[in-house]
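Residue numbers (the working numbering), protein chains in the order written: chain A, 553 to 666; chain B, 168 to 280.
Source of the hints: derived by calculation from the structure; they are not laboratory data.
Please read all numbers here as calculations on a predicted model, not as lab measurements.
Don't take every hint at face value.
[To be verified] Pairs of lysine to any residue residues, derived as SDA-like cross-links and limited to a Cα-Cα distance of at most 25 Å, are as follows:
| hint | chain 1 | residue 1 | chain 2 | residue 2 |
| --- | --- | --- | --- | --- |
| 1 | B | K226 | B | D238 |
| 2 | B | K272 | A | N608 |
| 3 | B | K224 | B | H275 |
| 4 | B | K224 | B | E182 |
| 5 | B | K223 | A | Q653 |
| 6 | B | K224 | B | E172 |
| 7 | B | K237 | A | Q596 |
| 8 | B | K237 | B | P206 |
| 9 | B | K272 | B | G219 |
| 10 | B | K272 | B | R203 |
| 11 | B | K272 | A | G610 |
| 12 | B | K237 | A | G594 |
| 13 | B | K272 | A | G636 |
| 14 | A | K609 | B | Q173 |
| 15 | B | K223 | A | P654 |
| 16 | B | K272 | B | I180 |
| 17 | B | K223 | A | L647 |
| 18 | B | K272 | A | D659 |
| 19 | B | K272 | B | N191 |
| 20 | B | K272 | A | H656 |
[Said to hold, decoys possible] Reference excerpt, derived from the structure (chain A facing chain B, CB under 7 Å, subset only):
| hint | residue |
| --- | --- |
| 21 | S585 |
| 22 | G594 |
| 23 | L595 |
| 24 | F597 |
| 25 | E600 |
| 26 | E604 |
| 27 | N608 |
| 28 | G610 |
| 29 | G614 |
| 30 | L642 |
| 31 | P650 |
| 32 | P654 |
| 33 | F657 |
| 34 | G660 |
Glycine included, C-beta positions come from ideal geometry on N, C-alpha and C.
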Amino acid sequence: KAGVTQTPRYLIKTRGQQVTLSCSPISGHRSVSWYQQTPGQGLQFLFEYFSETQRNKGNFPGRFSGRQFSNSRSEMNVSTLELGDSALYLCASSLYGPRAQPQHFGDGTRLSIL
Amino acid sequence: TQLLEQSPQFLSIQEGENLTVYCNSSSVFSSLQWYRQEPGEGPVLLVTVVTGGEVKKLKRLTFQFGDARKDSSLHITAAQPGDTGLYLCAGAGSGGGADGLTFGKGTHLIIQP
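This is chain B alone, in the form it adopts within the complex:
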C-alpha cells in the first residue's frame, strides 16, 4: 500500500510570509499532483510533476518533485489570503496499468490578513 504523508497538517500564518508544505512517501510514484480544495468545492488541480528533480512554478507557488520521485514540496512566497485552502498531494503508482491516485490527508492553510 502506497502512503503519502503531508506536513504540516495545519498552518496559519500572516499575509506576506513564506511557507513550505511537504509530501513524503517511502514509495516511488510515476507522477505527483498537487490540488487545492476550498470549502464546499471539489479539489482543483494546480500542477502535475513527472520527472525526478522537476521544479515547476505557478506565479508565487513553486513545486518540486524529489530526485527519487518519493517526495514533493510546495513553497508559497508572500502568501495572500486568497491562498487559504486545503492543499492535497496525490501520487500515481509506478506499477503498470491504470490505478487510482493515492492522496495525502492534506494541509489546511489559513492566511490571515
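Pulled out of the complex, with its shape left as it was, chain A reads as follows:
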C-alpha cells in the first residue's frame, strides 16, 4: 500500500515569493492535516481538510492556506514568504481525522527561505 507522498522534497525560495506544496494521501484516506516543524517550536498544526472542506485551523497567519481536491490530494500555499517560514512541512492522512485515528505522515517538504 503506497504511503503518503509529498512533493517536492526540497525547495529553496527567496523572501516575498510564494510556494505551493503537494500531498497525496494514502488511498481511501479522506482527512489530510498539515504541520510545520521547526527546531524551536517543534511540530505545529496548520490545518486539516476532510472531503474538500477545511475542518480546523491552527494559529498561523492568513499567508498560509490550503485546499483539498475531490481525490483527497491536498495542496498548501504560502504567500509572501518570510525567513521564519523555513521549516519542514509535513502532511498526514487518516481515514476520518487526526484524533483517535492513526495518522500516517509523509516525509515532508524541506523549505528554505533565503
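Put chain B on the given structure of chain A with help from the hints.
Positioned in the frame of chain A, the structure of chain B alone reads:
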C-alpha cells in the same frame, strides 16, 4: 491552548540501559499518540492510548496514559542503537468536533553502542 511538555529534551545513554520519557500537560486529552521520527523522514506512529490508566506494550517499549488523561510516559527497557530517534507525544483535544493534534517538542534520544 493545550500544551504538552516533554522531558527530557535530550537523552544520550549506553546500549542496554533503561530510560523513561515523560509527556505532561495541564489539559485533558481524549487520546494521546506517541511517534518516532528519524532524520529525513516523517513521524511514524508507535501507539495510541485512549483510556485513563491504560498501559500498552510494544516489545521493549511500555506506554502509559495517566489516570486523569493529562500525562503519559514511554519507558524503554534495554535500549538499543536502533531506538535512536526523536520521540514525540501528541494529544487530541477533548472538545467535540475534529481538531488537529497538539505535539510536544520531542525528546531526542541517542543510544550509544
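Evaluation of the provided hints:
| no. | hint | result |
| --- | --- | --- |
| 1 | K226(B) / D238(B) | holds (22 Å) |
| 2 | K272(B) / N608(A) | holds (21 Å) |
| 3 | K224(B) / H275(B) | holds (21 Å) |
| 4 | K224(B) / E182(B) | holds (20 Å) |
| 5 | K223(B) / Q653(A) | holds (17 Å) |
| 6 | K224(B) / E172(B) | holds (22 Å) |
| 7 | K237(B) / Q596(A) | holds (19 Å) |
| 8 | K237(B) / P206(B) | violated (29 Å) |
| 9 | K272(B) / G219(B) | holds (23 Å) |
| 10 | K272(B) / R203(B) | holds (12 Å) |
| 11 | K272(B) / G610(A) | holds (16 Å) |
| 12 | K237(B) / G594(A) | holds (20 Å) |
| 13 | K272(B) / G636(A) | holds (18 Å) |
| 14 | K609(A) / Q173(B) | holds (24 Å) |
| 15 | K223(B) / P654(A) | holds (15 Å) |
| 16 | K272(B) / I180(B) | holds (20 Å) |
| 17 | K223(B) / L647(A) | holds (23 Å) |
| 18 | K272(B) / D659(A) | holds (18 Å) |
| 19 | K272(B) / N191(B) | holds (12 Å) |
| 20 | K272(B) / H656(A) | holds (19 Å) |
| 21 | S585 | holds (6 Å) |
| 22 | G594 | holds (4 Å) |
| 23 | L595 | holds (4 Å) |
| 24 | F597 | holds (3 Å) |
| 25 | E600 | holds (6 Å) |
| 26 | E604 | violated (14 Å) |
| 27 | N608 | holds (5 Å) |
| 28 | G610 | holds (6 Å) |
| 29 | G614 | violated (17 Å) |
| 30 | L642 | holds (5 Å) |
| 31 | P650 | holds (5 Å) |
| 32 | P654 | holds (5 Å) |
| 33 | F657 | holds (3 Å) |
| 34 | G660 | holds (6 Å) |
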